[in-house]
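Build the full structure now, drawing on both the sequences and the hints.
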Amino acid sequence: MSEQGVVIPYEVVGGEAATRRLADRFYDLMDTLPEA
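Using this note's numbering, you'd call the opening residue of the sequence shown number 1244 and step up by one each time.
If you're looking for bench data, these hints aren't it; they were derived computationally from the structure.
Heads up, a few of these hints could be off.
Said to hold, decoys possible - Taking CB as the label site, the calculated pair distances span:
#1 Asp1274 <-> Tyr1253: 18 to 28 Å
#2 Ala1279 <-> Pro1252: 22 to 32 Å
#3 Thr1275 <-> Gly1248: 39 to 49 Å
#4 Gly1248 <-> Asp1274: 36 to 46 Å
#5 Asp1271 <-> Ile1251: 45 to 55 Å
#6 Pro1277 <-> Gly1248: 39 to 49 Å
#7 Val1249 <-> Leu1276: 34 to 44 Å
#8 Glu1254 <-> Ala1279: 23 to 33 Å
#9 Tyr1270 <-> Gln1247: 31 to 41 Å
#10 Leu1276 <-> Gly1248: 37 to 47 Å
We put the beta carbon where it would ideally sit given N, CA and C, even for glycine.
Structure follows, in structure tokens:
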């Protein structure tokens, strides 16, 4: 949790690790799907 007990949406969704997984999956799909 960030300073003063404020919850940041970035932290709620899992922070850097989750964001990297999401971005990696997105770009994997963009590389493989014909409609992308």
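So, going through the hints one by one against the coordinates:
Distance hint check: the CB atoms of Asp1274 and Tyr1253 are about 26 Å apart, consistent with the given range 18 to 28 Å. The hinted range of 22 to 32 Å is satisfied by Ala1279 and Pro1252, whose Cβ atoms lie roughly 26 Å apart. At roughly 42 Å, the beta-carbon separation of Thr1275 and Gly1248 lies within the given 39 to 49 Å, and the hint holds. Checked against the hint of 36 to 46 Å, the pair Gly1248 and Asp1274 passes, with Cβ atoms roughly 41 Å apart.
Distance hint check for Asp1271 and Ile1251: the Cβ-Cβ separation is about 27 Å, which falls outside the suggested range of 45 to 55 Å. For Pro1277 and Gly1248, the Cβ-Cβ distance of about 47 Å falls inside the hinted range of 39 to 49 Å, so the restraint holds. A hinted range of 34 to 44 Å holds for the C-beta pair Val1249 and Leu1276, which are about 38 Å apart. Between Glu1254 and Ala1279 the C-beta distance comes to about 29 Å, which sits within the given range of 23 to 33 Å.
Range check, Tyr1270 to Gln1247: Cβ separation about 35 Å, and the 31 to 41 Å hint holds. The hinted window of 37 to 47 Å between Leu1276 and Gly1248 holds, with their beta carbons roughly 41 Å apart.
Hint 5 from the list above is the single one not met by this structure.
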